[in-house]
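Peer 1: Let chain A serve as the given structure and place chain B on it in line with the hints.
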Amino acid sequence: MTCVGFEDRITRSVGGDMAPKEAAEVEQHLRICADCAELARELEQDRAWLASRPPETAEVDFAAMRREIRREIARPRWGWKWLTAAAAILLAVGLVTTLRRTPHADRPLAVTVAARKDTVLAIPVPEPVRRSVRTRPRPKVAVAPPQLALEEPASSVEIRLATNDPNVTIILVHETKGVMQ
Amino acid sequence: MAFAAARMDDPPERTAGEARLLVLAKTGDLDAFEQLVALHERRVFALALRLTSSVEDAKDATQETFIRLHRKIAQIDSARGVGPWLYSVTVNACRDIARDRQRSRLVPMENWASLAPADPVANPEGLYADRQREEHLRSVLHCLPEKERAALLLREMEGLSTEEVARILGNSEATVRSQICNARLKLRKLLRGKL
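Note that the protein sequences, when read in sequence, are chains A and B.
Numbering-wise (this note's numbering), the first sequence opens with residue 1 and increments by one.
Numbering-wise (this note's numbering), the second sequence opens with residue 1 and increments by one.
Just chain A, same shape as in the assembly (with noise of 0.2 angstroms):
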């Protein structure tokens, strides 16, 4: 057991780490106390055996890893700079891209809202401002109409069912074809 306050000192005596007035005192606690002068035996006795200690190594192919690192500064280097530099022209070229691509990016645009059965109201968007990306013409592809067979209409059953607001009639329409009737 170490005295309160000490062991800091002490720890710090042994590697010369401290002011030589507050060494003489901690030097003249060790005279009085074995405690605090057996664990400054010990922190020099480690350190001595550190400070003794060769430097250690393993098998390790030193020229192999000398030429390892000739290598290695011989290859030519992109720095961070070009990095960014190259970062930035794909990011532009990205872009100016995708606003080439964007559809319809000038037509004004209309939300239609059915209402009634007999009424449509549309709202009219704000024209967009335009961008002064012009827009590539679009080349003339010919497509030739789908071949499509339309099959018969199935027959169906048709509910009505009334509401509260006579402007409003839900129409239930349920195929029967293929179901027994």
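Mixed in with the good hints, there may be bad ones.
[As the list claims (entries may be wrong)] When the alpha-carbon atoms are kept at most 16 angstroms apart in a straight line, the in silico EDC-like pairs for lysine to aspartate or glutamate are as follows:
#1 B:Lys186 x A:Glu27
#2 B:Lys189 x A:Asp35
#3 B:Lys186 x B:Glu146
#4 B:Lys186 x A:Glu7
[To be verified] Covered stretches of chain A, going by a simulated chain B footprint (3 or more residues, C-beta under 8 angstroms):
#5 3–11
#6 14–20
#7 60–73
Read the hints as simulated data drawn from the structure, not as lab findings.
Glycine is no exception: its CB is placed at the ideal position from the N, C-alpha and C atoms.
Peer 2: What follows is chain B alone, placed relative to chain A:
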């Protein structure tokens, strides 16, 4: 295996040749750079091995350290030499490798077996005892937190001053002093089986 028994930042008389190599390496002379690497590679590797406890990680850290040296060689002060710079970069390279791999820091047994003390004695009993001591030291050092281990290794095993260690680790002297004190106390307990 012969070892340069000197520190990476040895006094000028030893590093006169190094200064000449450094000047040549700065001009792009790859042979001079390779000689510079050969001067420090064992020390760098030994420090990396103690910091990482893995032969493969230590090799990677050593290689990375010298690649970074080549990139920054123009900025290195010829008067101070590459020593302090190498310590700092070795510690950082070991940290980066540990962070990248995020794996257990225990070294596989086959790697431990291939490790040998730097200056093995001819006597096999002595060699065995030396190996045992090294293995014990390695396992004990690895129980310390990374920053405390780095500070202790540089201070006690590389013989640097607290001020130099602080500069290398990029910490204040007070922080490094505290890290070293903690590491010493933990090491004492670990070596005597009190932890």
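Peer 1: Hint by hint, where does the structure go against what was stated? Just the numbers, ascending.
Peer 2: As far as the earlier hints go, only 1 is violated by this structure.
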